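*Asks:* What follows is each chain in one-letter form.
There are 4 protein chains.
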Amino acid sequence: MSDQSHLVPDTSTSGRVLEFDFPGLEIGVAQYAEGPTGATVFRFVDKAVGAVDVRGGAPGAYNVDWLRWGYGWPNLDALVVSGGSWYGLAASGGVAGALKEDGHRSGHWANLAHVAGAIIYDFGQRRPNEIHPDEKLGAAALRAAKAGRFPQGANGAGRMTMQGSYFGLWLHSGQGGAFRQVGETKIACFAVGNSVGAVADRDGRLRFGNQTIPTGESGIRDLVELVPKDVETVDGSILGERRSSVPPSAQNTTISLVVTNRKLEYAELQRLAVQVHTSMGRAIQPFGTLNDGDVLFAASTGEVDSSDLHPTDLGTVASEVMWDAILASVPDVPDASMTASGLSLPPDPTEVVGRYSFGNELSMDVGVAEGRLTLTNTGGRDIFGVRPGESLAALSDREALCTTQSLFLPAFGFAENDSRRRLVLNPGPWQQAGTATR
Amino acid sequence: MSDQSHLVPDTSTSGRVLEFDFPGLEIGVAQYAEGPTGATVFRFVDKAVGAVDVRGGAPGAYNVDWLRWGYGWPNLDALVVSGGSWYGLAASGGVAGALKEDGHRSGHWANLAHVAGAIIYDFGQRRPNEIHPDEKLGAAALRAAKAGRFPQGANGAGRMTMQGSYFGLWLHSGQGGAFRQVGETKIACFAVGNSVGAVADRDGRLRFGNQTIPTGESGIRDLVELVPKDVETVDGSILGERRSSVPPSAQNTTISLVVTNRKLEYAELQRLAVQVHTSMGRAIQPFGTLNDGDVLFAASTGEVDSSDLHPTDLGTVASEVMWDAILASVPDVPDASMTASGLSLPPDPTEVVGRYSFGNELSMDVGVAEGRLTLTNTGGRDIFGVRPGESLAALSDREALCTTQSLFLPAFGFAENDSRRRLVLNPGPWQQAGTATR
Amino acid sequence: MSDQSHLVPDTSTSGRVLEFDFPGLEIGVAQYAEGPTGATVFRFVDKAVGAVDVRGGAPGAYNVDWLRWGYGWPNLDALVVSGGSWYGLAASGGVAGALKEDGHRSGHWANLAHVAGAIIYDFGQRRPNEIHPDEKLGAAALRAAKAGRFPQGANGAGRMTMQGSYFGLWLHSGQGGAFRQVGETKIACFAVGNSVGAVADRDGRLRFGNQTIPTGESGIRDLVELVPKDVETVDGSILGERRSSVPPSAQNTTISLVVTNRKLEYAELQRLAVQVHTSMGRAIQPFGTLNDGDVLFAASTGEVDSSDLHPTDLGTVASEVMWDAILASVPDVPDASMTASGLSLPPDPTEVVGRYSFGNELSMDVGVAEGRLTLTNTGGRDIFGVRPGESLAALSDREALCTTQSLFLPAFGFAENDSRRRLVLNPGPWQQAGTATR
Amino acid sequence: MSDQSHLVPDTSTSGRVLEFDFPGLEIGVAQYAEGPTGATVFRFVDKAVGAVDVRGGAPGAYNVDWLRWGYGWPNLDALVVSGGSWYGLAASGGVAGALKEDGHRSGHWANLAHVAGAIIYDFGQRRPNEIHPDEKLGAAALRAAKAGRFPQGANGAGRMTMQGSYFGLWLHSGQGGAFRQVGETKIACFAVGNSVGAVADRDGRLRFGNQTIPTGESGIRDLVELVPKDVETVDGSILGERRSSVPPSAQNTTISLVVTNRKLEYAELQRLAVQVHTSMGRAIQPFGTLNDGDVLFAASTGEVDSSDLHPTDLGTVASEVMWDAILASVPDVPDASMTASGLSLPPDPTEVVGRYSFGNELSMDVGVAEGRLTLTNTGGRDIFGVRPGESLAALSDREALCTTQSLFLPAFGFAENDSRRRLVLNPGPWQQAGTATR
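Chains as they are written, first to last, in our numbering: chain A, 29 to 466; chain B, 29 to 466; chain C, 29 to 466; chain D, 29 to 466.
Rather than coming from a laboratory, the hints here were simulated on the basis of the structure. Keep in mind it's a predicted model, so treat the numbers as computed, not measured. Possibly wrong hints are sitting among the right ones.
[Stated by the list, open to error] Each computed DSSO-like pair below joins lysine-lysine, with the alpha-carbon atoms no more than 27 Å apart: (1) D:K257 <-> C:K291; (2) D:K291 <-> C:K257; (3) A:K291 <-> B:K257; (4) B:K291 <-> B:K174; (5) C:K291 <-> A:K291; (6) B:K291 <-> A:K257.
One chain only, chain A, in its complex shape:
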């Protein structure tokens, strides 16, 4: 709802990095910290043959039709995954434009940049603003692309994603990658996870980084089998409103990518896409639902033309690599001692009382009630699930990191910056900071 011209792309990364050996595949990320939101670009320096499998009920895809016609020659320059729901498709346009502007491609019919892309939804309860990846962010991600490194977790398109909302979990997610080489055949898989379903490992255990999961340790099987009962019946947790919170169409999605250097016929590549996409129903449950916009891209750089790996074996191995990529997408969540770093509460808590503006029609009033700090949404829109006019109280009365009972706004705190006091919601990688208005 506001002009994005002042935003500056940030191409730094944080957290774990996958290092892998795949010359010709360059990966870059860029983020708008103010979202946060981001985009991830996978560039095939010498083009690749591409295929696509669109499966979810609410897809947003960019320039994918050509990939369906069965052409067998390498034409694909880049795949772009971005946040921002349908608005974020603009980032793909920025990647194409930058490939031309930088002289890699041109308007000549034989040298067009072929860029395809897909998006995930990272608005709503994930973050209380509507900043979206755009041309500028896409171009920045492209220009930051390098071979051999993929930043895991809350980077690029995975900057502000969540998984498990179907079960009311709303666990932080991100982007993940994994790599395996069989003989000469390289297989790299990547996933940006924002699924309605929850991520599970090969033992069926939920994967949620080091977040505190608001239910017991029940595995995915237990959760799934309870459907359609409300999940609260598992263990009396706070997950009482799963049913009413079943997310509507267009709120969730997993975008994934399997890349190989193995030369494949187009039909084989398409079959690889279908097999791997289907296999992902193991790592994410449920998967491919009406509420997801799942898209899988398959790409072959075609450097290795061997027959020592049957295409079905390739698909089976790639399915395992993809499972690893999905598991790697779940970011480590800093613990309280880390997120509290930099936060402080004055000796007299009433000093922080006042209105804090987050811009964009959003503001929170800090008050005190029954000796504890309270937050009241005084803006015009939801903030992390707090509706306009609603309040939320800190659980304790005197901690630098104030915790709450809210699933979407479990913590807040205060910081000084440029001698302005700031209210920091959800301190840590996904925080939102508002500035005191008085």
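Chain A is fixed; fit chains B, C and D onto it per the hints.
*Replies:* Showing chains B, C and D alone in chain A's frame:
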């Protein structure tokens, strides 16, 4: 390779039966015992809205295009699954013809029989003949259809199926069904399993009835993770040639069906198909490969128009019901004492020496070498993996049920019938009997 | 609504024949004269690469999904077009079975018969019975297949088709073929025309053989531009009820086929299918409607691998060849002197008064009113548009060939056969004969 | 190949305007004069149900997958057509962003802007620069949108298009619209024509505005029937290299749109798309080729829910309206006296000799040879078909408007502006002006 006019459909069933409550859904099976091979018909007495998801690399489908156009009114009369690979599609034609001949439908444009169908491959190493379901068999299965009962295992289209060939397992499979009701919403799932992948339960254990599995007890996870190494490396079993035996396109398939009485928009029904089909990648691994011709049909009889079950919940529950159906598809395999029943070996084993004819260019010579009975393929084609000219020896020298080291022909024996001696290969539900020629 | 076991396929042809040079492409037709209805088989003796474009709103297609996966190797054995609406798909099954029974193909995974097919609707007002092509008819058509000859008009699947019903014209149609060679590249196109739209030549003139068209000579452009007004406004013809007679879904269809010996990538073949199918909107107007089930198959036998004809040129030339094929599909209609041959009226017309049975719940009573012969439908179903209980009067009182004002039953007469008198409706190629019951 | 940040969208229009009555449908255009290139936005103020039919061999489409899933509720906000080949898809992103920025839509899942789009190729011989529609241009076109008016010809996405290149014609084209109302049902059709094929009217005459067509007056039928011979054989025209100039994939496209206020089921809307798209093979020949990226969108605003127009009638009428729209897309071409306006040649022609820079690596040297002015391409890239190093001579020696034999650069002249002399290539709506460097 021969005229089928003398074959008589057999509509009897054997083994477990699923009983369930779904008025308006009638199911019938018919088999040609001479194959064996068969067909299963699912009839919607008052028509249904249908959708289809074709996913495998080698599909064979009958009249499914109309199901893709998005029409929302109930028009589907029957779904037919049959053996016989592409030849077996003829059974679907027989069902349509019988609906007209019996007066249920006509040539009037508003009363046409809409029958769709799909097939599985049950030739090759599964059985040494090429009998296929045809018009006559399809019509018989339709006319045997009844509500409320579904025969599990080696019946109908599942009469001669196998699963797990990707791992060299070649385990007997069949057709399975499961049912669940949530409030008023009925969900019935059916699967005819003939997958290249192996069937696994929710704990990852292979499901193989009471067959002797020629490998250890490793679960599906262990098998999958070994790919692309040969499976023999697991435990030194006889499965040394998995790689070379990776079945080519068109040899494998799972055909499945999810039926609900819940009224759904066409788009919702199609999403249900996609979600459930994707979920099957858990129960069958690998799934949806280049080597499979997987097709899932979804059908709604539309009797219940409630909103108390979100379509995604419906998909999640149906995915579990489908897993149960797949598990139910694996038939119990009679143990040796049962399959040996009726077999006998004369006191002087040399009495059984001679040539036995199976018709259709097939014959086996029984001989004796080093004190043990031997089988030599003296016909023009493979018989259960024994090539023309090849021999196979019994492991022991004097049992009514002679066992061998062969994966595809693990046992044989002799029986008297009409005072003709018969050589019975693989005694039991999937046996082939040849008659002494002298 | 009756058993078809007594019917005997007729593989003879009548009318014009296209002779052309395309080794390896064999074509056969078979008909049930009792319908009449029929099937046409196009066999690729050494297999072909196939593609399909399903466009109409009411398709009926057999085993076409494999053709969509993009495989580039020749696997297609035969394409089958048949009458009988969805029931007629059974003929495709018969072709596959016969290829196996005759030893051309087998159950071996590498030697399966790949047969695909599609149907047209030739029931309803076209003929008052519901006989449909079945396994037996398909097999007969296959076995009659020969290279180099294609019977035009009312043969095979085109035996009982009509075009132009959208404009109330109901003109006899059929199957047409055309051939052209450019350098080494052979292009053969075939169409079985049963379209809701009317056939037009390159000058926009309606093509209706030598039938009497019940409207003026207005070209297709005039007819189309009048929509949605009733066509009667053109010239006061009897076509007053076009609107109410807009045929519902599933009553009309054009099935077409473009075959070349030019080696093409799968993607090129698919593009050829799309281009040619689109071009057919010139020769048939309207085309590809909700009411048609149009399917176009493209096949390449791959013998010529030259680049001297750009794929788009190939598409453009093939589009013209297809137009010629469509024009050739319109059969010559025998004139009255010919159709009257064999008919006779006794000196005392009252001798023919009585009931004539056509079987299958159908009967007509011949009477006399105001000096002219009348027909009254005394059966349970429509006969050529005459409803049960309705009557129709001859226009003149004493001609061997009695003509009427009916669009669907414009003529009738009487013949003696085996000393039984017969009432012949629509004498000529599309006649129905009933036998005097007393 | 250069930054576009300095470009300013121009939302003015020129030429004929279609006025029509369709409340709720707003149309806006924007151009970059420096291209020229542009975009056209069709906005559905209250959303619409959308469908898409992608048919050409080289499509570029934006966010169309959701339109394929069969959802029946109105969700589509805008359709965007733009120049710039795949780069121009960025304009669609700009439209989505502007809908959010302007407060029409938001990031709330129930209020997302659903924008879909498609592009045409207007680089290459059409204009010697690579400026493409981007976010900024798309946003400008949206904000200029108004109801009831559609600028015909060289406006918006049709700013720099050509048709007929398949026949070597390279005729100026543009965007066209037409409207018809039948009872309450409104039907508006729009087409942006950039087809490889040539535009023909209902009499088969080529439609080329008032351009001089470099061949005789042969109709489309004559041209098509000559394929694959070179078109020069028609009349000895300069069109000798049609074959070698058959444009490769991705150079041509027709994007079209049919909009109705008639409430339609999704399936009916999709059938409408298919029928109308197919019908366009009459107005553009050839159509839907490998070399085109044709996309048709269908949209229903759903205000009129009547049954007095059968969906097939709607399709037939809309097909005629679309033909009118295509004919309207061909712009009037200013005649020489108009394009010469503002041009002047000094008494001493040698005064204009020198180098003229067009920026972006492009320059032309003007010289004199044999008494006539010559142009020599001294830049690094083609300019209107003149290769680097090649020269072109004026036909006459002393006209303000110098004409040449070139198909792509038929005229040039000189003008003074800001006391700098400029070389104007192809004076008129599609001109390129270079500035004297000395």
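*Asks:* Is the hinted pair A:K291 and B:K257 satisfied, with a Cα-Cα distance of at most 27 Å?
*Replies:* Holds. A:K291 to B:K257 sits at ~21 Å (cutoff 27 Å).
*Asks:* Holds or violated: D:K291 with C:K257, Cα cutoff 27 Å?
*Replies:* Given that 27 Å is the threshold and the Cα spacing comes to 21 Å, the pair holds.
*Asks:* Within a Cα-Cα threshold of 27 Å, do B:K291 and A:K257 meet the stated pairing?
*Replies:* holds (21 Å)
*Asks:* Take a quick look at whether D:K257 and C:K291 sit within 27 Å of each other, Cα to Cα.
*Replies:* holds (21 Å)
*Asks:* Tell me if the straight-line CA distance from B:K291 to B:K174 falls inside 27 Å.
*Replies:* With Cα atoms ~23 Å apart, B:K291 and B:K174 stay inside 27 Å; holds.
*Asks:* Would the hint linking C:K291 and A:K291 be met if the CA-CA limit is 27 Å?
*Replies:* holds (22 Å)
When held up to the earlier numbered hints, the structure conflicts with none and fits them all.
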